[in-house]
Amino acid sequence: MCLAVPGKIIEIYAAGGLRMGKVDFGGVIREACLEALPDSKIGDYTIVHAGFALNLLSEEEAQASLEALRELASIEDELDPPAAQDWR
Amino acid sequence: MEFTTEFRDAHLVRGVIEKIRRRVTRSWVLMEICGGQTHAILHYGLDQLLPAEIELVHGPGCPVCVTSLELIDKALAIAARPEVIFTSYGDMLRVPGSQRDLFSVRAAGGKVRVVYSPLDAVKIAQENPDKQVVFFAIGFETTGPSNAMSVVQAKMLGLKNYSVLVSHVCVPPAMHAILSSPASRVQGFLAAGHVCSVMGYWQYPSIAEKYRVPVVVTGFEPLDLVQGIWMTVDQLESGTCEVQNAYSRVVSREGNTAAQAILNRVFEPCDRKWRGIGMIPQSGWQLTTEFSDFDAEKRFDVGSIQTQESPYCIAGEILQGLKKPTQCPAYGKLCTPDTPLGATMVSSEGACAAYYRYGRTEG
Ligand code: SF4
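For the protein sequence lines, the chains are A and B, in the order given.
Taking my numbering, the leading residue of the first sequence gets 1, the next gets one more, and so forth.
Taking my numbering, the leading residue of the second sequence gets 1001, the next gets one more, and so forth.
Here chain A stands alone, though its shape is the one from the complex (with noise of 0.2 Å):
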């Protein structure tokens, strides 16, 4: 129950008293509690744990995160060529 990876808010209405959205795990769809992220919008991503979602993701921040990490590897060309595994 805890593996959360991210999804994207597709759709956004109230069911059960409650503000639930749609989200979108790469093509699988699931519903999710919004009750704790009401700013959210459609396009925003979103970490979902037991059909509730629990905070927003920052597009500016992985960026800065990828950035501080290409950094911090650059080192990188002296090292072999990438391994064979992609885990793409």
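You may find that some hints are simply not true.
Said to hold, decoys possible - Calculated from the model, a selection of chain B residues having no Cβ within reach of chain A, i.e. all distances over 12 Å: (1) Glu1309; (2) Ala1330; (3) Thr1339.
Said to hold, decoys possible - To be clear about the criterion: a stretch of chain A counts as covered by chain B if any three or more of its residues have a C-beta under 8 Å from a C-beta of chain B, and this derived list gives those stretches: (4) 4-12; (5) 15-21; (6) 39-52; (7) 57-65.
No lab work stands behind these hints: they were computed from the structure.
Think of the CB as a built atom: it goes at the ideal place given N, C-alpha and C, for glycine as much as any other residue.
Go by the hints and put chain B with the ligand onto chain A.
Leaving out everything else, chain B with the ligand in the frame of chain A:
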């Protein structure tokens, strides 16, 4: 940006690992708290790619693993009642109680249903007014908001046939318990990113200071994990012990205050017994007075329960970072995912299951 593939760049991961290799001068023991991280580490083979000086031990962040045997036995007793529809996350079905598991209760005619979210359990309660629907509310701060919301919704809808069997546990008290043990080997923590997405990380500076350990909030993708490990090792090598955030795209210092407000309305801290570890003061949540009508333990009297743990299982020591699954004499022999003797071999987040699945025979 998809927020996933970008953080699985194998070339970049190797670069960061090389950086760690060049930085490290002696051996260090780090603990990842969350079972989801344990699985990701083994899945991507990061434990084998890291320099030998870095030892990862696996923390108690697997809710299925730490739910006490007493509560499992209570769940089994409640699930066997004819008027009850017992709902649970799927992982709980095969967790061994003293004598049996939820699967065997179902095979014997008990109405046990797997749900993805407790909000689905509330729907089942609405559709079955003549039945008592009970949800097994296990988990850390990540499942807390969902479990809490189900109770709020049930109250709002005036449902008299919904209740929760609460077994909530919280991360910071467990970190205190692990570090204050004289046997503790942990020198740095990778804090669980999704727990922090709800709770923030303002609770950690006091831990870092008191026990002189670096704490780095870490995510779940391979790049997140090596970044968390890099930041922890870098701190250890320079003799600092601060709280850092390696998961800033998801986690802020204060966390999600709207989710915390829901949690604080429904739950309050209580002492909680952890399977294999024992009682940790103020390490759990129980329902507040406003919602105590929804407490399944109060609604169903199951009498006194005598528990019996398998004599082989050393899961408690594993979850405190004292031992590895491969050090358990039953591992892979008497105990496999098909014949689990302990919860850590059942759960998709359990360390024993992860070691078995990814074929670890040592380390
Ligand atoms: S291998 Fe099985 S018996 Fe041994 S610690 Fe893990 S769950 Fe317990």
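Q) Minimum Cβ separation between Glu1309 of chain B and chain A greater than 12 Å? A) holds, 23 Å
Q. Has the region 4-12 of chain A got at least three residues whose CB is nearer than 8 Å to a CB belonging to chain B?
A. holds (count 3)
Q: Go check the region 57-65 of chain A versus chain B for me, would you? Three or more residues, Cβ under 8 Å, otherwise it fails.
A: The restraint on the region 57-65 of chain A holds, since 8 of its residues have a Cβ under 8 Å from chain B and three suffice.
Q | Claimed coverage, the region 39-52 of chain A by chain B - three or more beta carbons nearer than 8 Å | A | holds (count 6)
Q. Taking a Cβ-Cβ distance under 8 Å as contact, does the region 15-21 of chain A have three or more residues in contact with chain B?
A. holds (count 3)
Q. Is the Cβ of Ala1330 of chain B more than 12 Å away from each Cβ in chain A?
A. Nearest chain A Cβ is 25 Å from Ala1330 of chain B, so the label holds.
Q. So is Thr1339 of chain B really clear of chain A, every C-beta pair being over 12 Å apart?
A. holds, 23 Å
Violated hints: none; the structure is consistent with every hint.
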